[in-house]
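Peer 1: The letter at position 238 of the sequence shown is residue 790 when you use the numbering used here, and the numbering goes up by one with no holes.
Lysine to aspartate or glutamate pairs mimicking DMTMM-like chemistry, simulated, CA-CA at most 20 angstroms apart:
no.	residue 1	residue 2
1	Lys826	Asp852
2	Lys659	Asp628
3	Lys659	Asp841
4	Lys572	Glu612
5	Lys582	Glu568
6	Lys788	Asp850
7	Lys797	Asp852
8	Lys723	Asp758
9	Lys777	Asp859
10	Lys807	Asp859
11	Lys620	Asp841
12	Lys776	Asp856
13	Lys723	Glu827
14	Lys582	Glu615
15	Lys735	Glu704
16	Lys745	Asp707
17	Lys797	Asp850
18	Lys788	Glu714
19	Lys826	Glu911
20	Lys735	Glu746
21	Lys812	Glu914
22	Lys807	Asp856
23	Lys659	Asp593
24	Lys797	Asp859
25	Lys745	Glu714
Between beta-carbon pairs, the in silico distance windows are:
no.	residue 1	residue 2	range
26	Asn775	Gly669	41 to 47 angstroms
27	Asn579	Met553	24 to 30 angstroms
28	Trp810	Glu673	53 to 59 angstroms
29	Lys745	Pro876	36 to 42 angstroms
30	Thr733	Cys855	42 to 48 angstroms
31	Tyr656	Trp810	51 to 57 angstroms
32	Ile691	Glu873	39 to 45 angstroms
33	Asp561	Thr684	20 to 26 angstroms
34	Asp645	Glu873	36 to 42 angstroms
35	Leu658	Lys812	55 to 61 angstroms
It is worth saying that the hints were derived from the structure and are not from the lab.
Note that beta-carbon positions come from the ideal geometry of N, C-alpha and C, so glycine has one too.
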Amino acid sequence: MKIRELYPDIITENMEYEYKAMLNPKNPIKWAKTIVGYANDHGGILFVGVSNDGEAFGLELDEIDNTKNLIARINDRHIFPHAKIRYMMRSVDANAEHFVLAVYVLKSESVVRYREGDFNEKVFVKGDGNATPATPEQIISLSKRKYGVDNETSDIYYNENEWTEYVNLCKEFREDLSAPTIKELQNEEIVSKEGFAKSGFLMFRDGYDGEDTMICCRLWQGNKKTGSVLDNGRYKGSLADVFHKTIAFIERNTKTGWRKTENGGREVIRAYPKEAIREALVNAIAHRDYSIAGTQIDIDIYCDRIDFVSPGSWLLPKNYEEYPIGSIPSIRRNTIIAACLDVANLMERGGTGFQTMIESYE
Numbered sequence: 553m554k555i556r557e558l559y560p561d562i563i564t565e566n567m568e569y570e571y572k573a574m575l576n577p578k579n580p581i582k583w584a585k586t587i588v589g590y591a592n593d594h595g596g597i598l599f600v601g602v603s604n605d606g607e608a609f610g611l612e613l614d615e616i617d618n619t620k621n622l623i624a625r626i627n628d629r630h631i632f633p634h635a636k637i638r639y640m641m642r643s644v645d646a647n648a649e650h651f652v653l654a655v656y657v658l659k660s661e662s663v664v665r666y667r668e669g670d671f672n673e674k675v676f677v678k679g680d681g682n683a684t685p686a687t688p689e690q691i692i693s694l695s696k697r698k699y700g701v702d703n704e705t706s707d708i709y710y711n712e713n714e715w716t717e718y719v720n721l722c723k724e725f726r727e728d729l730s731a732p733t734i735k736e737l738q739n740e741e742i743v744s745k746e747g748f749a750k751s752g753f754l755m756f757r758d759g760y761d762g763e764d765t766m767i768c769c770r771l772w773q774g775n776k777k778t779g780s781v782l783d784n785g786r787y788k789g790s791l792a793d794v795f796h797k798t799i800a801f802i803e804r805n806t807k808t809g810w811r812k813t814e815n816g817g818r819e820v821i822r823a824y825p826k827e828a829i830r831e832a833l834v835n836a837i838a839h840r841d842y843s844i845a846g847t848q849i850d851i852d853i854y855c856d857r858i859d860f861v862s863p864g865s866w867l868l869p870k871n872y873e874e875y876p877i878g879s880i881p882s883i884r885r886n887t888i889i890a891a892c893l894d895v896a897n898l899m900e901r902g903g904t905g906f907q908t909m910i911e912s913y914e
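Model the full structure from these sequences, guided by the hints.
Peer 2: Dropping the structure here:
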């Protein structure tokens with residue numbers, strides 16, 4: 553079957569379409585440069601399971617899943633800011649056993665780079681059927697794009713009166729209950745030297761209306777996602793406001809009890825310590841992948857546990873089971889958002905979040 557039978561508008565590889573039989577995990581730059589090139593141009597589609605001459609032979613479902621996981625891993629570890637990607641599958645046979653995977657790459661509003669190591673970054677642009685390294689002139693042109701996922705300088709000047717929810721968050725959790733100064737924000741590179749807010753800081757601005765800050769909370773009747781939802785909330789707006797509303801939802805749905813103390817008094821016992829809840833929520837906000845369109849942080853409370861699910865793949869080279877609790881290396885996916893939470897005294901730089909949760913339960 554030819555690819556044009558599945559997608560009638562597709563005739564051959566060009567600036568908008570490219571074919572790959574498989575994606576090689578051992579040499580990802582060979583295909584990842586196409587994703588970077590599309591993101592730096594007007595977007596495009598990478599078809600996987602299609603030969604160079606347009607023959608759509610397809611992949612099995614487990615190969616599709618492995619391909620998606622591979623793309624997510626390379627996007628997390630090597631592509632910055634992360635490319636915005638969507639997927640579509642179409643069957644190539646009557647029994648629906650083999651599928652072509654269409655990888656839709658959306659246009660980025662900032663310069664996208666492929667990074668190998670700390671000092672080796674490459675910018676690619678899409679050519680006619682392939683991706684090529686950008687020239688210095690092309691990089692300068694791309695650099696004029698204003699917004700990125702987290703660390704691009706916006707054209708919005710920082711005014712404390714437009715960040716009142718964030719300022720109040722700082723006053724609530726900082727040890728001296730103070731508001732951050734413009735000098736502090738500039739030292740953390742949250743605000744540029746000229747006074748302009750970084751794109752990640754815009755997500756803390758009063759009245760922020762993007763969908764990417766959404767957190768969905770649900771209280772379930774049992775221990776599975778079946779049956780009745782007893783309480784729910786969908787919160788979006790500034791990250792500071794969403795943080796407070798989510799904490800309030802969890803608080804009103806946290807079971808409490810009491811036990812006698814040695815002196816004859818009573819001590820309140822919570823199902824979940826406040827410190828553990830706050831730490832889990834802060835980590836979910838700080839480390840989620842905001843470039844994955846159409847997703848949100850999900851918090852589900854069951855009769856025996858509470859689950860926090862934050863979009864984005866695992867960034868470290870080994871599986872999480874291989875790291876002892878309390879010694880997981882700290883990698884910041886969103887440096888500016890994390891810095892904003894750090895200034896508010898809600899996040900530490902030492903990667904001690906899991907240890908804080910464990911100690912709160914002791």
